[in-house]
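**Q** Here are the chains, one letter per residue:
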Amino acid sequence: MKKNDPIPTSRRTLLKAGAGFLGASLLGGLPFRSFAQAAALKPADRCFVFVYFSGGWDQLLAFDPRDPDVFTPERVAETRILPGYNLFTDGTAPFPITPAGSNITFGPAVANLTKHYGRMAVVRGVNMTTLAHEEGMRYFITGKRPIGAAARGSSTATEVVGQMVPTVPIPSIAYGVESYNDRYPGSANALRVSRSKDLVDTLSPSTRKLDSQIETELLALGGEPVTCDEAALSAGGVGDTYHTSRDQVLQVLKGGLSEKFNFAVKNTENNAVRAFYGLPDAGPYDSAAGRAALVATALKLGISQCVSINLVGGLDTHFGTQTTHLGNLRTGFNALSLLVDDLARTPHPSGGDFMDHTTILVFSEFARTPLINATNGRDHHLTNSCLLMGAGVKHNMVFGHSGDIGMAAGLVDLKTGAKDSNNGESILPDHIIATVLASAGLDYSITRVEPLKPLLAT
Amino acid sequence: MRRLLLFALLALGAAGCGEKTPAAPPPVDGQLEPVGNPHGDMGTPLPDPELQDGRVGRSPRRLTVTQLARSIEVAVGRPWAGLEGGLATTLGRADYALVNQESTEPNLVFAKFLEDGAREVCMAQAAAEKSQASPEARVLSRTIPGPLTDLRKLSDAQVRELLVYLSTRFWGSPLQGDELTRWATFFTKAAARAEAITNGRDQALAAVCIALMTDSRFLTY
Chain A
1 MKKNDPIPTS
11 RRTLLKAGAG
21 FLGASLLGGL
31 PFRSFAQAAA
41 LKPADRCFVF
51 VYFSGGWDQL
61 LAFDPRDPDV
71 FTPERVAETR
81 ILPGYNLFTD
91 GTAPFPITPA
101 GSNITFGPAV
111 ANLTKHYGRM
121 AVVRGVNMTT
131 LAHEEGMRYF
141 ITGKRPIGAA
151 ARGSSTATEV
161 VGQMVPTVPI
171 PSIAYGVESY
181 NDRYPGSANA
191 LRVSRSKDLV
201 DTLSPSTRKL
211 DSQIETELLA
221 LGGEPVTCDE
231 AALSAGGVGD
241 TYHTSRDQVL
251 QVLKGGLSEK
261 FNFAVKNTEN
271 NAVRAFYGLP
281 DAGPYDSAAG
291 RAALVATALK
301 LGISQCVSIN
311 LVGGLDTHFG
321 TQTTHLGNLR
331 TGFNALSLLV
341 DDLARTPHPS
351 GGDFMDHTTI
361 LVFSEFARTP
371 LINATNGRDH
381 HLTNSCLLMG
391 AGVKHNMVFG
401 HSGDIGMAAG
411 LVDLKTGAKD
421 SNNGESILPD
431 HIIATVLASA
441 GLDYSITRVE
451 PLKPLLAT
Chain B
1001 MRRLLLFALL
1011 ALGAAGCGEK
1021 TPAAPPPVDG
1031 QLEPVGNPHG
1041 DMGTPLPDPE
1051 LQDGRVGRSP
1061 RRLTVTQLAR
1071 SIEVAVGRPW
1081 AGLEGGLATT
1091 LGRADYALVN
1101 QESTEPNLVF
1111 AKFLEDGARE
1121 VCMAQAAAEK
1131 SQASPEARVL
1141 SRTIPGPLTD
1151 LRKLSDAQVR
1161 ELLVYLSTRF
1171 WGSPLQGDEL
1181 TRWATFFTKA
1191 AARAEAITNG
1201 RDQALAAVCI
1211 ALMTDSRFLT
1221 Y
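Residue numbers (my numbering), protein chains in the order written: chain A, 1 to 458; chain B, 1001 to 1221.
Just so you know, not all the hints are guaranteed correct.
Below, a list of computed lysine-lysine pairs in the DSS-like style, where the Cα atoms sit at most 25 Å apart [claimed, not checked]:
no. : chain 1 : residue 1 : chain 2 : residue 2
1   : A       : K300      : A       : K266
2   : B       : K1189     : A       : K209
3   : A       : K415      : A       : K453
4   : B       : K1189     : A       : K197
5   : A       : K266      : A       : K115
Simulated from the structure, these hints should not be mistaken for lab results. In this text the structure is predicted, and so the values were computed from the model without any measurement.
Can you make the complete structure from the sequences, with help from the hints?
**A** See the structure below:
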């Protein structure tokens, strides 16, 4: 397990002494805190994005498509699979997509994301073992089978930041997604937001202000060297952490980071973000593309290491049509494609681009039945798929499979990925989460399973 | 013969035991008789502070959200309305559904919203005190006699008295020495500036209140 080195106990003292000396001689008595603020935000060396498609997605439209010429309505009694691609009413081509050079065949909804086949691995035939929304979602968020509907263990994002202890100011953001912490310090808790405005508020200066001169005096008073009393309270770490946090607040506020998340503000950077993600000038920005832009901003500016996001909803289409589900899925995948484009075009300070330093897990709580119900929708189905992208995993490959009769979860040799109907095992969300953790060299023992090693890059 | 021998041994034993018990000196006038610790020997002394980063006893802890809410209400004289209005979970309160453990980590989010909260309650309280004539009804200006008038006219002793009162109220320990001087200078400058602003007399008191409330001594125990 990776552990950060403990902060030397004399660090604060040394910094104070150094700042005092340098402050007096070089910086004209600049207060210690101001001196400490010189450190700039730096993106985490390894980032994670957990993308949740809410409601249960149709895998025939996404990562586990079927050939409509083989799985025809005439054979449905035999196959129990009806792709339904001919039911699209929006002009979408009624075929799966296989880009040139790709080893992965995608459903029609994956749309623009298919071009990133060289950065992804698809896992098919994931057995969710539940058809309840909350259970399935919490199972994938934690990698542990919930007890009833109650989540067990910590979110994977919490595990990541709990183990890696990043120095970014808000290590984990959970946007419209649940987050759990059952064994890590509070610093591993996700900042939970339900709207982009919540995040903007967190990063914005207080709306209640004193006179500017008094504000300056107040800041200077807070920047004075600590007293004996304060030092005694700092000795246990709480005071130190609090002062560091206050420095970070000042740094974040000074950096005007709220403006960077408030895409309605007109400036060169935001104009570029709006143009890239196709966002309207005046909002709203809680669309799938707006959320993708928020994820990219949080990672690129070094605000967060992990972002968990509910990218798109409206997928629980028991009564919907194929076209409704297709449209909602495609909105999510197109937004995800933009996010990948953005991360791939942005150089990371440690070398390469951000996609080289970011692992993305895309999941939903379960899939939808391969047969269409009497109300033209699809119900809940156990056999799911998920997508792994970016750092630490192999690319352009498929692991696992679903059966050609009723899309049952296929049994595979977990060590090789080969079909093994006799001695194989089901792929569970536990394996996926173990793989995500192992992809960054983190301790995955909480999942109590081995990762899917054929998927790991090293 | 046996009885004699047994008697002799018992007599010797009794004499031996008596020798081991030192006779307590009679108490002198005005001295209380020493009372033994009913819990017995307490054993292990406190650890050497040098061995635990200068700490004596347990490590300081951050207030929980409930403690913080009550502390603010008691120290400032009014509750932080926004705290229960949605910020409690953000600041660390466990809901025992999604978060099982109360977080007392003074992280960035806590620091940010505590600053916001300090401004909310301190500015409101300071503004309210402008119209309160009786010092007993006021909190942030309790030691200032009479109605709240020009704060620049306070003597240095009065400023120090106010700051000592407020620091004791907020932290449980008074400002003293150089630190008191520094805070007094801060208050004097803030008061001078506040009087120059139209209707801004309360700002000096609010500024001191914010500084006290966002100090680590307020949120640790």
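**Q** Hint by hint, note whether the structure agrees.
**A** So, going through the hints one by one against the coordinates:
{"no.": "1", "hint": "A:K300 with A:K266", "in the structure": "19 Å, holds"}
{"no.": "2", "hint": "B:K1189 with A:K209", "in the structure": "17 Å, holds"}
{"no.": "3", "hint": "A:K415 with A:K453", "in the structure": "6 Å, holds"}
{"no.": "4", "hint": "B:K1189 with A:K197", "in the structure": "37 Å, violated"}
{"no.": "5", "hint": "A:K266 with A:K115", "in the structure": "31 Å, violated"}
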